[in-house]
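Top line first, the protein sequences correspond to chains A and B.
For the record, in the first sequence the residue sitting at position 203 is 203 according to the numbering used here, with numbers rising by one throughout.
For the record, in the second sequence the residue sitting at position 133 is 133 according to the numbering used here, with numbers rising by one throughout.
Because the hints were derived from the structure by calculation, they are not lab data.
Virtual Cβ for every residue (Gly too), placed ideally from N, Cα, C.
You may find that some hints are simply not true.
[What the hints assert, rightly or not] A few chain A residues that face chain B, going by a derived Cβ cut-off under 8 Å, partial list only:
| # | residue |
| --- | --- |
| 1 | 3 |
| 2 | 6 |
| 3 | 14 |
| 4 | 16 |
| 5 | 18 |
| 6 | 29 |
| 7 | 47 |
| 8 | 48 |
| 9 | 51 |
| 10 | 220 |
| 11 | 221 |
| 12 | 255 |
| 13 | 283 |
| 14 | 292 |
| 15 | 300 |
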Amino acid sequence: MEQAIAWHIRLSRPDAPVDDWEEFTLWLEKDALHRRAYDRVSDMDAGLSGLQPTIHTESGAQPTSSRNTPARWKPVLAAIAALFICALLLWPQLSGPELQVVETQAGERRTITLSADTRIELNGGSRIILEQGNERLARLEQGEAVFHVRHDAQNPFIVETGRYILKDAGTVFNVARHGEGLHVAVAEGKVIFQPDTKAIGIDAGKQLHVPASGTAKLVNVAVGDIGAWREGRLNFYEAPLDIVAADIMRASGKKISVSPSLSERNFTGVLIVEKDEAQFKRQLELLLNVRVTANGEAWLLEP
Amino acid sequence: MTDQMPPDGLSALFLENRDKLQRFLRARTGSADDSEDILQDLWIKVQKAQTGPVSDGMAYLYRMAHNAVLDSHRSDQRRKKRDDAWQAGRDAGAASTGISAEPDPEALLMQREKLSAVEAALNQMPERTAYLFRAFRVEGKSQKLLAQELGISISAVEKHLQRAYRAIMALEVYADNGDRRRLMTKGDEDA
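Construct the complete structure from the given sequences, taking the supplied hints into account.
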C-alpha cells in the first residue's frame, strides 16, 4: 500500500520522466496485488472531489488563507469546522422531510424538472438539495444553476445558498457560488436577496455580486449573457482569475489552478469553452494574458 | 529519439513504442482485452492530438495512456451507476417524485461518510501535512510550486503527501473488504 501511495504521488508530477513510467510498469507486473492497491489509492483519490480547500470562519474576516490565523486558534477552528461538518452530515436525518441531493461532476450538466413551469438547470461541479413534496425550496450547496420559476406571490420560491437566502418575485435567474462569495443575475422578473434582513431587490438585467468579505455590489448585466454557460459562453465582469478558473472547471471539467502571483489580476470579457484543448489553451493565453502550463491533467495559469 | 519532433512525431513515437505502451496498459488494467481497447482509443487520440513541441514525447504518451485508463475506469463506473439507478428506479416504480435526475442516495451517503472521515483525519494531522495535502489535492497546486512556496524540497513535499495519503488509506471507510463495486475484478475480466 505504501508503495502504491508513493507511485500515485510520484506520477502526479507533470514532468514524471519515462524512467518512472517504466519502473512503475515493472512494479505493477511484479504482483497483481500491486495493481489492486494502486486502484484503491486511485479510487480513493478520485472520491475526494468534495473536500474543502481551506477552513473558513463564518465571519469571513480572513477569506483567503487559514495560514494568516494565529496558530493557537487553529485547533479551535478545526474543532468548530468538524462540528459544522458533523451537523451538516446529520442534518438530513434530523430534519423531517425527505431530501433529494442532485449533484453534477465538473463538465456535466443536468436539468431538474420540479413541475411543468419550474425547472432548474444545474451547471457542472454543482450540488443542490431539494425537499421532496416541497417544490418551492432549493438549497444550492455548491456551484451554479439557472432557476426558471413560476411566480406565486403567496408561496414564493426560495433559494438558500450558504448563509444567504433568495426569494423570487417572478423569475428566471442564475445563482453562482464561489466559495463564500455569491453572484445572482436576474434575466426575467425580480429576486429579493436576504428578504428578511437587507431585502435587496435585484431587477431583470441586474447582477448582485456578494464577495466573501466586503460589501455587495449591484451591476448591470446583458440579459442574454445570463446563464450563458448553458451555451458554453462564460461572461466575466472584473472577476478575479481564481473565479474565472472555477467557472471554467464547472463548465468544462478542466481543472485549472492559478499561480498566487496572479491573485490580484481581474478579467472582464467573454470566454468560449472549446472542446479542442490546444485551441482553448491558446484562447486563455491570449484573453487572460497568462501562460498556461500543463500540470498533469490540470492547467496552471502563470504570468 | 529527439526532443524536437516533426508534427507527426507523436504518432511515429507511438508506433515505435507500441509494445511498451501495451505492456504498461496490460500491467495497469490487468486485462488483455481492456488494454487492447484503450490502446486503440489512444492511437486515435494520438493521431488527432495537435500538440506543440513536446519535450519528452514518450513520457507524454505514458501520461496519455495513464489518463486513458482512469477515464475508462470512470466512465465504466458511471455507466454502472446509471444502470443500477435505472434498475433501482424500475424496481421501485419510481418517477412519481417528479424529479428527473435521480442520484443514488446510498452512494451519496457513503461518499459523505468518506469525506467526513477524511476531513477528521486531516484535522488530526500536523498542520503542514494537512495544508500541503489540501493545497495539492483540492487546489491542484503542483509539488514543485508547493516546495517553492514553503521553501522546502520536492521530496519533503512528497513525504508529507505520502504521510497524508497513508493516514487516509488507513481509515476504516477505505478498508479493502472485497469491494463489490470495484471495476476490474476477476469477474469483470471474464465477462
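(message) When the structure is checked against the list of hints, which entries are broken? Sort them ascending.
(response) 1, 10, 11, 13 and 14
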